[in-house]
Amino acid sequence: MRRRAPLVALLLTTLLTACSDGAEEGGTVTLVTHDSFAVSKPVLRAFERETGIHVKVLKSGDAGEVLNQVILTKGAPLGDVVFGVDNTFLSRALAEQVFVPYRAKGLDRVPAALRLDPRHRATPIDWGDVCVNYDVAWYSERGLEPPTNLVDLLDPRYRGQLVVENPATSSPGLAFFLATIASEGSDGWESYWSRLRANDVLVVDGWEQAYNTEFSASAGDGPRPLVVSYATSPAAEVMFAEPPVDVAPTGNVEATCFRQVEHAGILADAKHPVEARRFLDFLLSERFQADVPASMFVYPAREGTPLPEEFVRYAAPPTTSLTLPPTAIAAKRDEWIERWTELTLR
Amino acid sequence: MTVTDRLGRVALIGLPVAFLAAFFLWPVVSILWRGLAPDGNVDLFAIGAVAGDASLRSVAWFTFWQAAVSTLVTLALGLPGAYVLSRYRFHGRALLRALVTVPFVMPTVVVGAAFGALGVTRSITAILLAHAFFNYAVVTRTVGSLWAQLDDREQQAARVLGAGRARVFWSVTLPALRPAIGAAAAIVFLFCFTSFGVILILGGPGSSTIETEIYRQTAQQLDLQTAAVLSLLQLVAVLAVIGVSNRARRRQSAAASLRGGGEHTLPVRGRRRLVLAANLAVMGTLLGLPLAELVRRSLRGGLDGYRALTATTSGFLEPPIDAVWTSLRFALTATLLAVAIGGAAAVALTRTRRRHTRRWLDALVMLPLGISAVTVGFGFLITFDSPPLELRTSPAIIPIAHALVAIPFVVRLTVPVLDAIDPRQREAAAVLGASPRRVWQEIDLPIATRALVVAAGFAAAISLGEFGATLFIVRPDTTTLPVLIYRLLGRPGEAMFTQAMAASTILMILTAVTVLAIERLRAPESAVF
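Heads up: the sequence lines are chains A and B, in that order. Offset between the first sequence (1-based) and our numbering: plus 121. Offset between the second sequence (1-based) and our numbering: plus 123.
Just chain B, same shape as in the assembly (with noise of 0.2 Å):
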């Protein structure tokens, strides 16, 4: 090995650890001591005080089992999904899998409204129907990324010696996913068990998760100390969460083997059509309808609401089109922080020889989705508050918070997928005397751009849609979409209303339009063997 390669082994671990630990960690760890030790000494009776109360532990156990039981709805519906939009050929496929990523960056104001427009309220169904919603994409990517470049000569065998297909299913198809599976569960329940917007607007105020409870601890009331022994809760469980999947990830043998050479499709014949129709259903339902609703109202004054975007209203300092603009140029320096930093995570967790560093480095890029906005945002205000990191008043801030949520999905996306090589490949590459370096351009590369291809059109889509942070950090103003449709719908006026409904749908479009373009560069398959 050459002090090259150890150099770019040590960048590989050292760039994701030095950002997570410079806007995450840092800032999160600030803001959890400040409330644990006001003054310098942790009052270890105040916080059992907190811990131990009644009411705390009946919100934790709702926070648990609404997102249990959200996590096997979305998967229940989610993965027969990922099955269709990954193996199955037929046309639209790419837009559909474009499509299906709208719900995910939905403010959830706005949903909430069209789900109540559509008779669905404040119940727990409500919530467990709009988790699934949010969620849905996070199952047919992370699953259909791993699914579509599944070796099927392994299923073709098993049909071969005899096996049943439900039998093909169980003990060759579902072992080899089990890691996907594992990794879009993880980040579901995660999702559904900080779930915020979801639990107050659907939930009814009664309804409170760890989550909602932290934020009205640390924005409304400012107890610090009761913030962060909840922060601390939720840190245990999001934890556990992560430990969980990756002992399912470390049990999968060497199941998963990939095959080169791009994705292999089965053309919708027979029995197939119906499967593909009772998808199409779900999707239609669960995803279409709400979405519908929405473009629905946006068009109710005919065109008005979007020309009315265009044009300088009273208390609107430029016109409120220039969202998009704003909004893309986030997403474009989000992405590739993201690709860049979970990209060079997902490397190195799939290329180190050593348990610790992995099970460390992977907790810590997953940290960030199971820790409060709120608890970051205001973290950011006391860190970053001398130069030269006077960052929380800087509009770079944003981007950075939108990378913090995007990184783990493009870990998620892209560890399978490079777990599944299979070491032959490179066993036989080294053998026919390919150098280090040279393996993994002609192996690992072509694999992992496909992989990381999907997860920057699904980082993009985070950072068009990403709302509770970008609420909750201070910044310049200026209006992202989420932002300015968060601004239309507080202000009265049925022509507000309409406006809002207007940008709503331009930001669904916008998503549909980013995903598919990011998925259009996709490497050219090139021909592994």
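The following block holds chain A by itself, in its conformation from the complex (with noise of 0.2 Å):
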């Protein structure tokens, strides 16, 4: 029995290590997100060191899935900060008063139009616009102009070339859908889908199967040379191309663009509130949003943060964009997308 004795001991010193785990000074944050969530490590990492507090992250799903876990677990919270509220979710969240509000360091960087919430329960982190993107070579091959607007994507000149994401299933998706209610008006966009569905749109489930198998350019050696997509892919599309390439395979329509605006915040029951706190400066801080472009495909919400040089050169962000505002959008979304279901599918 005596020989058991050190280990008996081990195991509760390992027990009590465990459960002291978390308590210790700096402590832990979870952050709760999304799938499509990265950070470059160096940059998690620096925050880690400098405020002793380690990151916990926790991801599911969409950024949807994510908003309707979040709110399935008011009062017994799966984290303290939330990342990836999109302003299609936005005013959802606020309702159902998923957040507290902080004012975060650096929201005085965040231009005007990005500050959503003038409480601050949601602090924007960054923003990103869905686009019709297409294909370069299809084109000019052709001899043939790519359409400029969304107008032109019902001229038969442009028949079935168009593939777009369900919004009911995708966020691009959703987030055309939306331009074209932008566009069209509450009373124009019905007739806007008939006419779209007259000239063979295709409709697929998520972005995957639309840009990855339905697209002629990239990998996807598809029919199709216009896709629903982000304005950054073509500079993703140079970044990660194979062989290395200098000119863009695919381009933005600009006037077809819909502004996503990201958000994040403090969880309402957080356990560790301080900490959460202490995250939310860390996302807005410039070592972060400096990250944002190459991690995530997005450009960051602070004011003055430098682009990578191929976001410069292929993925200037479009100048102007559609938007709604969100309590139009939550007022009205699942009406929408029942009358949309209805006419596009059926």
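Treat the hints as calculated values from the structure; they're not laboratory data. Glycine included, C-beta positions come from ideal geometry on N, C-alpha and C. Wrong hints could be hidden among the right ones.
Pair ranges (Cβ atoms, derived) [claimed, not checked]:
(1) A:Lys162 / B:Val636: 36 to 44 Å
(2) A:Arg170 / B:Glu513: 24 to 32 Å
(3) B:Val152 / A:Gly196: 52 to 60 Å
(4) A:Ala319 / B:Trp188: 28 to 36 Å
(5) B:Trp184 / A:Gly147: 53 to 61 Å
(6) A:Pro239 / B:Gly137: 53 to 61 Å
Just so you have them, the derived chain B footprint on chain A, three or more residues with Cβ under 8 Å [unchecked claim]:
(7) 155-166
(8) 187-201
(9) 277-291
(10) 350-357
Assembly of the complex is requested from the two constituent chains, each provided in isolation within its own frame, with the hints serving as guidance.
In structure tokens form, the structure reads like this:
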């Protein structure tokens, strides 16, 4: 029996350390986010080193699923900070009161146009545009001009060329759908989509399928030269080209772009509110913001953040973008999507 | 019977029941109850409105018939394959057996891309072909595992008595195989009935099944009430399928009798060459072509796609290749869990004399196949939210979820084999003075071990390829191979796609190697008689 004593002691020590884990100086912060969240390792480690706060990242599904999980676990939150609530879901998050207000350091460096919540429950971290991308080679080989706006897409010249994502299941799909509502108005979008359908638009379920299988550029080899993707996709095509290229193989149809602003917030009843505030400050810090473009292919919210060279050359942010107020989206989204499904899929 | 024997028997039933009650029933019942009675009262009117919706009827009908036809197609293609893989003796058979398991683990997005490149897109044909592609191995494994150990002396006797080849098959072999075929059909049907990715990707966004609706209502709309009604509907259908499949099993007489002492294989000569060639052609076209397409595309930049996986690229905290170790670690834990719990359940199922116990335990272990991953995942969130079971943010939840999917397979692969042990062998042993435990050790265990090893290979494959549940449960930033593939496919850039294909190829190789390695562990062929 005596020989076992050290073992028991060891076990007890391990248990005690395990229990005290998190109560040590600096503590822990748990980030709840979607699968597209990314940060470079040195950037995250630097935050942990400087603050002594350990960062635990919990991921699941896409932005919509994460918000629903957060709403479902109100009262016993999954973590301390949520990242990835965009303007199409913002009103829902605010109405469900999942966040507590905090004015993050660095918020004064964020342009007013991105600050959608005056009470600072949701803090803008990055923004990106969803645009129709076109295959440059496809059009130049045929001596054709790519479309320049949403109305062009109805033209018989572009018949059977566009692939879009289902707004009910895809975030870029929803953004493009909202772009058509922002442009055609709440009484004009139905006829727009009827005509788009008559012009043989293809609807698929997700971005992966649209871009990787149906689109003619990139890895697609598909038949369609127009796809709903992101404003930064042309830059990504250069950064991850095979073999390397110096001209972007795809381009944006700028007048089709819809703006998405992605937010973070501190969860109500968070177990580590102090650490959560430090982490929110970090998300708006120069270092994190500079890492945003190459990690997540979106633009940093903080003004004056330097962009990678490829972004400057191939992914200049669209000058104007379509948008809708978050309250309007929240009020009508389900109804619109239901109507769209009837019009387009049935 | 000694006290320990009795305790052992209780543990055999208790272990699976406790595991499934804690990690399956509790979360599922919680989330359904939250949906049906958000404020503590069940709103029958609202439930009736959802259930009576006309579009739901067409969704339910489509769900049912596509699953039924998919099952028939899969059985038609898979049964001859099961025969060849379990009865013929030829070079590379073990490898081929491992290879046909590979499609089963491939992520649907990847397979969708391969099917698309081969010209099979968005149609009911694409759905049927994809279901056959994914479930072929379910048939060859489930049926093959019994077929391999079938005593062929009865067939020989029938031949001697003048029965033709076809007659022998219909009157002797098929009845003996019925429990395994029933099990395979039930699993394939459940898989197709609750199919998710295949429907969304290859059916096009217009087609929806009960499962895809549950996903939309739960994850996208958070309409838990509609989701709960749909889940109950699915539950009823699933229980009905399990009931039918059990009836098929009960009706079998003692027709199937196993000969101990390993497998009995036939040399490939004469007409068997033709049969083998035809089956190889089916496997090559249905399973080989899409997989080859993925490998081809992974090599587009030479080995660049593979090389890139070993570097830490922007946006990844670890080199992507680390996903291999994560996947293997989870697969090991999940396999051990599934074999221990599924094995206990299988033994309990075949040994208990109480019909009710048997029926309920059997339904319980099969249920995880019929409940949507998103329901279980969201159920985890609201149940395991306080210590000591604050499991919803622990990495342990992932192998547990994988084991839930694998347990039904372990049970279904093992039960028909255990059922088919000739009771006279046990009686003879008992008469000769062996204790019940000794009888179990000498008669049941060797046969059960062989079946469990096959099941373990399958469980490992399930864990390696599991994607739906892994994605729906909130998980610490641990990336399994299928999640990595999904992340790579979600980024623009041709190199990203090539990397995704390279990761898919690695997943294929890993699956084949794991299945092969586990089957090598197969107990040395101990002579029972």
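Going through the hints against the structure:
| no. | hint | verdict |
| --- | --- | --- |
| 1 | A:Lys162 / B:Val636: 36 to 44 Å | 30 Å, violated |
| 2 | A:Arg170 / B:Glu513: 24 to 32 Å | 27 Å, holds |
| 3 | B:Val152 / A:Gly196: 52 to 60 Å | 19 Å, violated |
| 4 | A:Ala319 / B:Trp188: 28 to 36 Å | 31 Å, holds |
| 5 | B:Trp184 / A:Gly147: 53 to 61 Å | 58 Å, holds |
| 6 | A:Pro239 / B:Gly137: 53 to 61 Å | 58 Å, holds |
| 7 | 155-166 | holds (count 7) |
| 8 | 187-201 | holds (count 8) |
| 9 | 277-291 | holds (count 3) |
| 10 | 350-357 | holds (count 5) |
Taken one by one, the earlier hints fail for this structure at numbers 1, 3, listed in ascending order.
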